[in-house]
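Peer 1: Spelled out from the first residue to the last, the chains are:
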Amino acid sequence: MAEIANLRSPAEAGLSKLFESARRSFAAEEAISREEAFRFFEATGLPSRRVEAFKYTDLRAAIAEAAPPAEAPSLDAAKAAVGVARGFAGIEAARLTFVNGHLVRELSDLDRIPEGVTVVPMGEALAKGDAALKRLAPVEQARENPVYQLNTAFLADGALITVAPGVKPQTPVHLRFVGTGETPFSTATRVLVQLGADAEFSLLESHEGPNGVTIQPNDALDVVVGERAAFRHTRLNIEGDATIALSTLSLKLETEASVETVNLVTGAVLSRHQIYVHIAGDDTNVVVNGAAMLRAGQLADSTLLADHAAVGGVGREQFKTVIDGDATGVFQGKIIVRQVAQKTDGKMKSDCLLLTDEGQMMNKPELEIFADDVACGHGATCGAPDEDLLFYLMARGLPRAAAQSLLVQAFVGESVEAVTHEGARAALIGEIEAWLKARG
Amino acid sequence: MLEIKNLVVQIEDNRILNGLNLTVKDGEVAAIMGPNGSGKSTLSYVIAGKEDYEVLDGEILLDGHNLLEMEPDERAAAGVFLAFQYPLEIPGVGTMTFLKACLNAQRRARGEGEISTPDFIRAVNAAADRLEINKEMLKRALNVGFSGGEKKRMEILQMALLSPKFCVLDETDSGLDIDALRIVSEGVNALRAEGRSFLVITHYQRLLNHIVPDTVHVMSKGQIVKTGGKELALELEASGYAEYRTSEAA
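Chain order of the listed sequences is C and A. Following the UniProt record's numbering, the numbering of the first sequence begins with 1 at its first residue and continues without gaps. Following the UniProt record's numbering, the numbering of the second sequence begins with 1 at its first residue and continues without gaps.
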């Protein structure tokens, strides 16, 4: 029988080449199976619109050329880039700074990590075969995702963060990702956060870089939330306007654990944030919110899979997309409720505000329910700003643009309000205001 | 103060106002009564500048300036205030944020400086006390989860804060219980002053027991068909609108 092979795209061929040349430096590692990951990726290739999960975000078409993995930058270059970085800048936090995907110790607070929290740079962890590496990739479905597998194959840096049982640090840890340079490059970082029982931990994560450079970050965050532990995560994507930003968040929740994760996207020409939630223990509570504010030419994709495999999980997922110009928003959300997951209470909603006639929004909410005693719902809306509301505001003296801005801010604000950390919430609101101001 | 000359308005080919003429003098409280469908709410929206209406002819002059040439926000800055029959809920917009944004937008449009935060808070608190508005409500999103009466009180609070010249009250009494009606009316009466006029639109005479008008106009089929003193409202309460409906049919 004749074997039919898909023609490989130049980017796919480029990735194979890059992997071949990079594998020499990976050879000594046994802790992660890069080889297996890359073979998985090679079998699927860059997903195109023919793959259901990537129907609206065709990476094969979007990534014309595979950018080479970034070298570690010089300290001066790193300092210059970090000097102008604004993501969560004013907030008191212990910072782990990654420039072009490499941890810069001199610009990080490794000696100021809150008590009870340990941070092991990924380089060290890989070199000594840290036992915690076994807990990477805690969600099975993520391991079937080509973007995530590509991250594993090229994993260059990152950190293992462990929060001891019962520890509740006052200050958050800030993962500060900054890009710099004038030629295209790719990054692949992986951070694993493990919260012991009864711990409480806040993580900030910001991604930014220069305009006009095709940077291809592919970052992954794996989180295991122990029994009764609480994980709070605020993420900001203000990447440069030519960046193709891929990211994966994998969350595993043990009994009575809670998670709050809020992601605001205003940057990147194309971004895809994949969130995998595995509800492994009973009586968990999850809030997954996202907001995207997009200008002409941008595409932002939020893809969520929440897998309830235990009793009594409460899930609230709210996504807001504001679309200007001919931008495209994508929301794909799936809630799976397994037979054992009785009393699951899940609500997922995606709302879109179209500021022009040219923009588009792709909403694909799905429920797969195998248990019979659950309360689950999903909804999606899409529309222009309400003329009656605009008139009401204008009749009180607000000019049309200001009235529209107030409505947009209110619309997006609903998803950002969930952020518990006051400074992080204010930072997101600041970004929303800046976006509106730039729009005029 | 306000002069409406031969106003002709339609919406989707439906003629609503048919050459309406109306004058409201400085400091005057004018009431407009009339049966359903006579065009009362349309008149209030057209004064405030809602887009859905097509003005085919006429003028609306506020102190000699033609409102029809202005955007709704410009009319507000010029001193027009419409207390809505159904105030809208705006989720996500905090009441205080909204109030301050509106006040400052109007001040900027008039070339005045922005109000200081302490002055603003004092002004809001004073108005809220007068209208018996719970301060907790001011912390919530605008009108979200408010009762009908609370929304109407919030409209009057906005009116007090924005100090307009010409206030249009569109069926402010609808949905109010007796106590709320009294509170709202007292709030309006406290704002009666030289240099401020009111157009009070209502179906019922009861509101006019509280806000006593100087003039009462009867509107029918898009025109003012009768004008009198406050006693006209009592006559209408006794005889109903049948006469005006008949004249429409004739």
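If you are wondering where the hints come from, they were derived from the structure by calculation, not from laboratory data. You may find that some hints are simply not true.
Derived lysine-lysine pairs resembling DSS-like cross-links, with alpha carbons at most 30 Å apart [said to hold, decoys possible]:
no., chain 1, residue 1, chain 2, residue 2
1, C, Lys-437, A, Lys-50
2, C, Lys-79, C, Lys-134
3, A, Lys-139, C, Lys-347
4, A, Lys-226, A, Lys-5
5, A, Lys-25, A, Lys-5
6, A, Lys-100, A, Lys-50
7, C, Lys-347, C, Lys-334
8, A, Lys-5, A, Lys-100
9, C, Lys-168, C, Lys-17
10, C, Lys-437, A, Lys-5
11, C, Lys-128, C, Lys-55
12, A, Lys-25, C, Lys-437
Peer 1: Which earlier hints can't be squared with this structure?
Peer 2: Failing hints, ascending: 2, 8, 9, 10, 11, 12.
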